[in-house]
Structure formats: C-alpha cells, structure tokens
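Q: For the record, the sequence lines run as chains R and A. For what it's worth, the numbering used here labels the leading residue of the first sequence as 1, then goes sequentially. For what it's worth, the numbering used here labels the leading residue of the second sequence as 1, then goes sequentially.
Hints may contain errors.
As the list claims (entries may be wrong) - DSBU-like cross-link-like pairs, simulated, lysine-lysine; straight-line CA separation at most 30 Å: (1) A:K93 <-> A:K173; (2) A:K217 <-> A:K93; (3) A:K129 <-> A:K38; (4) A:K38 <-> R:K3; (5) R:K25 <-> A:K66; (6) R:K3 <-> A:K7; (7) A:K173 <-> A:K196; (8) A:K38 <-> R:K25; (9) A:K7 <-> R:K85; (10) R:K89 <-> A:K7.
Hints in this document: simulated from the structure, not taken from any laboratory.
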Amino acid sequence: MNKASFIAVLLALAMFQVALPAPFKVFGAGPDLLLAAGVFAALSFDLPAALTLNVIAGFLKDATGIQPFGINAPFFALWAFLSAKLARKVTLDTGAAPVVLASVVCLAHNLAARLLFALLARPLSSSGVFVRILIFESLYTAAAFYLLQRSLSAMQEAVMRLRRET
Amino acid sequence: MFILKNKRIAYVAVFLVSLLAVSLLTPFLRRPLIDTLKTPFSVLALARREVEGLIFYHRNYIQNEKLRNEAGLLMQRLNLAQEAESENARLRKLLGIKEQSSYGVIAARVIARPADNWSSALIIDKGRKSGIRRGMAVLSYQGLAGRIVDAGEETSRVMLVNDPNLAVSALVKRSRQEGLVTGTLGNLLIMRYLPKTCDIQPADTIITSGLTDAFPKGLLIGTVTEVGEEFSGLSRYAVIRPVAEPSSIEEVLVIVK
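The following block holds chain R by itself, in its conformation from the complex (with noise of 0.2 Å):
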C-alpha cells in the first residue's frame, strides 16, 4: 500500500473513532484505530514514512481532544520508531506477534500519556476506571489490529491482482 493511500485510511479511521456508536464501546473503552493503524505503519513501510504517518495519526487524535496540546503525535512517532528497531530485532509479522504488539503499544501509550498528565497535574480518573479503560482500550485495539490488518492485506492483494489483470 502506498502512502497516500494510507493516509486516506487514517481520515477515515480517524472519522469512524469520533463517530464510533456507544453500542460499539465495551465498559466505556473503544479501540484505539489510530494507534492501531500506527502500528501497522512501523511494520510496513520503511522508518521515515512510518514516522511521518504515525505523526499524522497521532494529529488527528489530538485533533478532536480536549487536550491543552498534542500529546498523541510525539508519543505515535516514539512507539512508530520503537516497534520499527523492534521488529528488526525480532520477527514481528507472523502468528499473533504483531497483535501482541499492538496490545503492548496501546498499553504504554495509555500508561505514558496518563504519567505525563500526572506529572503537569492534571486530574486522572479514579483508579477503578484508569485499569477498566486501560485493560479493555488494550485488547479491544489488538483486536481491532487484527481486522485491520486483515482487511488493509485484503485490500492490498485486490489491487495487486486488479493491476495484474490490466
């Protein structure tokens, strides 16, 4: 997939986030698709363009926040840069790796993101609802990681063939 491709994935995916319906949270957490697809980023597409799409991804998050500056695109580009040495490391791309990942990168990003807003005092959620959010946002973006994984594949091989056929 190219890059400009991608990009119209990430507004879309940043469109369906805000749009997201309740029906669709599990115990008041959603998946996190952009970080999600940030992560699919790092793993395809060589450093510069993963950074550079993380950044975007992470912008459009903090896009629609209430926060007092963006917090997602410099932390997008660190787990982007992250999971890029990682994934030269280690074999990322087969079973259920990169899902793992997914889950352990929406983790730290929550974990990270919730540090820093406690260091600049800014009042954090009781703890029962800090684990609740941070234990079903993680498994609900692997999952997500997955479908997304599997369609942007999906998506990828019919225009492989489509180009094929002419």
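Knowing the structure of chain R, use the given hints to seat chain A on it.
A: Positioned in the frame of chain R, the structure of chain A alone reads:
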C-alpha cells in the same frame, strides 16, 4: 563519515523540532480542522444515530411507552405549575418584587466525540457565529451537561460533567450543604469536600450553587446514590448519578450569558 553522521543528527533534530511544533500548534489547528469537517461529522452523527436506533430498537420501544405515560402525568403537573406560576406572577406584581433574570439558550446537535477514552467531551454543530463563547455552561434537556472549552466559527467543543478536569461548585438542594462535584470518566460523579457532620443522604438532589460565574445557580446535576467517608477520615464524599447520561447526549442547550 563525520559529515554523514552530522547529516543524520540534523535530520533527527529537524524531525524533533517539527514534532514539537505539531504538538504545540495542535490547539490552534483544531478549530479550522473541525470546522472543515463539520459536514462529514454531521453525516456520520446521523448514521450513528440510525445504527443505535436499530440496535436498541426493543429498548427504545419499551422506553417510548413508558415515557408516553410519564409525559401524560407530567402534562397534568405542568398545568398545575402554570397555574401556580401565574398566581406567583400576580402576587409578585402586588408586592413589587423584580423578576429574576432568566438566561437565553442556543440549541445545538452533537456531531462527534473525542477519539480517546481518557476525556469526556463532545463536539457540537454551533460555534462563535451563533454566539457561543468559551466558558459557557451547557445543558442537556435533563440538566447540567458540561462547559464550552473551545469555540470555533462553526463548531464548539464541550467538556462534559463526568470529565475529571471539570469541577462544579454544587449544593444539596434539601440541606443547602456545599461541595465540589467532579467527574470520574464513568457514568457517575463524585461530590467532595463535604464536612464530616454534613446533612446528605442517598436520593438527595444536587444542583449548581452559582458561587462561581461558570454555572448559574439551580441547574440540576444529579441525585446522590451513595455517601462515604474519605480515606483521610477528615471529610465525606457522595457519589452522584447525573441526570444527563453523558454517553447518550444527542442535543444540548448552551446558556448564553
């Protein structure tokens, strides 16, 4: 080799500076971006409403029947209240008391919600063009919903009452005990800084105190479901069920001061 390494450092530095710029400029870029996306957001919000209507068809059907009965009952009460109001107005006139100034409201529709699970907010389809400004109080049809945190030309962002960053000065309607209501990100709110000897009990109604300019006095917040003692043992807290269910707000009223 040295030049190559320097070049790499320069690339990394440029990237980090750009990243910092994106992060700091995000609050300023939000408004034009959300204003631009207003139409697709509105279309998606419509689709979302339809999907939810289909999924919750049975629940909505039962709820509709119940609400019809309730509406009939409330209509009778409204008639009685209107009678009392007109009588009140006549008596006020006789006593020469000035009427309390009422506030104007602007109705708006919810078109999107934030992409993250760590804040409770809404994006509505009215902005500065309609007279909405930062800091204005937002109501649902049931009671207090939140506050405007940013107003663009065409859209505005509302921080909901269950967001931990929003604090509302409130009081218990029955005993006039004051406290501070904050969000928990869940469906419940918490009222803190209540003295150990305070008069508060489950089913008490909580309203805004009007102590700060942010919210007018008397807006309904919710009802007490549980009262407990803080970990320090110095004060008490109350868990409140908000009248406006934050996750299901579709339309809001913005109080224009």
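Q: Now look at each hint and say whether the structure bears it out.
A: Here is what the structure says about each hint:
no.	hint	result
1	A:K93 <-> A:K173	holds (27 Å)
2	A:K217 <-> A:K93	holds (23 Å)
3	A:K129 <-> A:K38	holds (14 Å)
4	A:K38 <-> R:K3	holds (26 Å)
5	R:K25 <-> A:K66	holds (26 Å)
6	R:K3 <-> A:K7	holds (25 Å)
7	A:K173 <-> A:K196	holds (18 Å)
8	A:K38 <-> R:K25	holds (23 Å)
9	A:K7 <-> R:K85	holds (20 Å)
10	R:K89 <-> A:K7	holds (25 Å)
The structure meets every hint from the earlier list without exception.
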